[in-house]
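Chemist: Here is what each chain is made of, one letter per residue.
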Amino acid sequence: MTEQKINQNTKSKETVLKMEHVTKRFGGLVAVSDFNLDLKDGELLGLIGPNGAGKTTIFNLITHVFPASEGKIEFLGRDITKLKTDKIIRLGIARTFQNIRLFGNMTVKENIMTAFHAHLKSDLFSAVAFLPNYQKEEEYIQTMTQELMMELGIEHLADYKSTSLPYGLQRKLEIARALATNPRLLLLDEPAAGMNPDETLELNELILKIRERFKLTIIVIEHDMKVIMNICERIVVLDHGVTIAEGTPEEIQRNPLVIKAYLGAGDEDA
Amino acid sequence: MKRSTRILLSILLILVVYIFVFFAEKYMDPFLKRILNTGFIYVILAVSLNLINGFTGQFSLGHAGFMAIGAYTSALLYMSPENKLSNFFMEPLISPLDQIQLPFFWAIIIGGLMAALMGFIVGAPTLRVRGDYLAIVTYGFSEIIRSLFNNLQNITNGPLGLKGLPTYTNLWWTVSWAVITIIVIRRIVDSSYGRALKAIRDDEVAAENLGINLFKHKVLAFVVGAFFAGVAGGLLGSLLMTIDPNSFSILFTYQIITIILLGGLGNITGSVIVGIGFAFLMEGLRFVEMPMNIFGITIPGILGMRMLIFSILLMITILFFRQGLFGTREFTWEGLVRLFTKRKVKQQ
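Going down the list, the sequences are from chains A and B.
Position in the first sequence counted from 1, then plus 137, gives you my numbering.
Position in the second sequence counted from 1, then plus 3, gives you my numbering.
Quick caveat, the hints were computed from the structure, so don't treat them as lab data.
Keep in mind it's a predicted model, so treat the numbers as computed, not measured.
There may be inaccurate statements among the hints.
EDC-like cross-link-like pairs, simulated, lysine to aspartate or glutamate; straight-line CA separation at most 16 Å [what the hints assert, rightly or not]:
no.	chain 1	residue 1	chain 2	residue 2
1	B	5	A	276
2	A	298	B	205
3	B	219	A	260
4	A	177	A	211
5	A	298	B	206
6	A	221	B	207
Next comes chain B alone, as it looks inside the complex:
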């Protein structure tokens, strides 16, 4: 298939998605819309973490930390000064943050850039360690961010968090950012840079002995991944209307890792499908946390039961589908065509 045909088909697909968004924004049930928004935010998070964990093979647990930075940076930029004043009643917000108000788009971008900058600052010294060590160091970073945000009363409002954030996030934003994330990361992965990243994942020594600068490429994956995590954090803040440091704990990173493992490490298609599915399951499984009556036995509602189900799902996946539900099969237009032509042959 020609490159131009592929691009045309992709543009058509994106158009179809936007037509759906148009009607969804108009007629869809707000509850369903909220789930979809969360789903697309999960997609951004999963695809960006997949670049670091799946394609570059650097097991990072710092995604929630990058999200927190993006969420707080953008929230402090798009909130109105009055809104900030009502939030910061313990200690006033430092100047000039208390006066600034930027449009949502720029606030999100700057949030992403701040996360990317942190990605660089964290990545530069820590990417010299590998495997388990990197996981521990990035987890440590994420926890440092959390406790820092809990204590920076005059910037983050501490454990009180920020409340009453304006809800700018809608499907237009989440879908657009998800599309941008998917395109950018797919393009990176398919390019010469992507081959270098995958080479580092497969064999660092061999990659280095082909003249690939390990450090530069690892940091690159980290920075790009952190940027999109920051963006997702910003979008999530405005969707939930409230953020506090403890909502960006290791549990959040754990959820995203569940998504990319279920979808397959190094599989963007898997991350996208599972990401949206995850959001629906999270809502759909709410009933397991409610008090239940089974055969006359009353079980009180237990919070966190949903995560238990996901943990079991994850264990089953790792035991029986080592490469995730989708393995290494990526969505391609050629693959789609092949799928249909095969069916036709069968019909004849």
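For reference, chain A alone in the conformation it holds in the complex:
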């Protein structure tokens, strides 16, 4: 397994995401301070840290939910620091949310179908008149949605209202929806939150599977160490917006700074 990982890393050296000196200040609070990252194609990076360390803020900066105060973000060699969210997504970055954000009034199938809209080429007129070019695209969306649901094993839930699903499946649907935008880089924000151990195990497999199947580069934010330590090749640890460690799971587990950030903080609290 480790051999495979190394092979993958050496084979493709293309940088997918590059963040240089990225800083985000909310008034006096420095949420992220001088964050640097060079993410290679096919990598699976874990982003960990105590609550409020700035992990989700980094995702929000990448997808430009709010602008960075300083620094530069490049995606596939293109500067995306100032691009708007929807444009960035269309370039090939997809994300899920810490608190699940599904379209509550839509079915599972419609949720996924919606995600194909960003790449729709037909204009409104051809959609209303149901012209052949739109017809073809709609058929493509239908079949791709079906395939995607099969791939994730949720095809039997197609016509259920998305919010009626149990928590674990809602997370899965959110991942399916993100995949439908055809991303190169997938940002998973605490995908295992609220899952039981069985579901977490299944999630691990799913993440590895979709990486292979869709040729993805993935960043995972997670509190569940069973996820992070088992599937990530590289881990970045944040604390109060500062990167305090970076390395393989083994290195991180042994790193005294990390232990202090996690356990030390806990001691102080107690």
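For this one, chain A is given, so just place chain B on it according to the hints.
Modeler: Frame of chain A; chain B shown alone:
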């Protein structure tokens, strides 16, 4: 059910409607015809506002403003020059409007386009605000239009309004435009664009993070909605034969919002049924505004009592049928077939 069967059935339904229109235009009582015409205009208004409020979730109160623009634009285009001359006795109508006369069809289309253009001009800066703020801004727009039209003496004839408009509006026009509105908006809603609009309604952040351009899609809903509001305004002007700026006040928007809330937000079938029903109720409830004798007590006629009844209806709906009278159930041919097959099973 196959798509071709569905289309065939829809065409058949439209044919039946037109056969009805044919006989109605010939034999129906003019009073009843007038109510029906109003009903179909309500349908156009309700379905188009539903696209903005119900499907895209952008609470707009600007529909009366768009109607006013459509009504005035088309009226100034289809009125004859002599008619205009007799109307504008305070200040003459500016050139070249005083000489132009277009066929009714084109006048209506241009009225709709003008409203759509205003929809774009208003929508572009205001759709950055959400929820209550958007409601206030669009309401403000509607009021600005009203006071502008009250003061543009040499274009709109000010508060005097336009009188003696030719009555081109008949069931052929209103039904046709209602059918076009329903088909176009249903097609939008069922298409990939519709899914994007509904996604924006359900969760803007998630929609944006799926690569949907929020601004573009909101403006799109606004422009399409405004177009049909303009068309409805044009049709209404020619039906009532008179328009003045104050007939397009917030009260009118309020009526349409009542219709879409009663029919269910994001439910076209509901808007259609309630829209026509509303027109009949408005006439049917006229008696409550007349002087009455109840158990020997004489109550003088109070204007506006009808709206009071609608307000109560609306409150009951919101309290007990949160999703409107029809909920999220849309009319589909499959649904109709299911309804009948279910009955058959019961009979056996």
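Chemist: Holds or violated: are the alpha carbons of residue 298(A) and residue 206(B) at most 16 Å from each other?
Modeler: 15 Å, holds
Chemist: Does the structure keep residue 298(A) and residue 205(B) at a Cα separation of 16 Å or less?
Modeler: 13 Å, holds
Chemist: For a C-alpha distance cap of 16 Å, please report whether residue 221(A) and residue 207(B) respect it.
Modeler: Measuring from Cα to Cα gives roughly 14 Å; hence the hint holds.
Chemist: Keeping to a limit of 16 Å between CA atoms, is the pair of residue 219(B) and residue 260(A) held or broken?
Modeler: 12 Å, holds
Chemist: Can you confirm whether the C-alpha distance between residue 177(A) and residue 211(A) stays at or below 16 Å?
Modeler: Holds, because 12 Å separates the two Cα atoms, which is no more than 16 Å.
Chemist: For residue 5(B) and residue 276(A), compute the direct alpha-carbon distance and say whether it is at most 16 Å.
Modeler: 14 Å, holds
The structure is consistent with each of the numbered hints, conforming to all of them.
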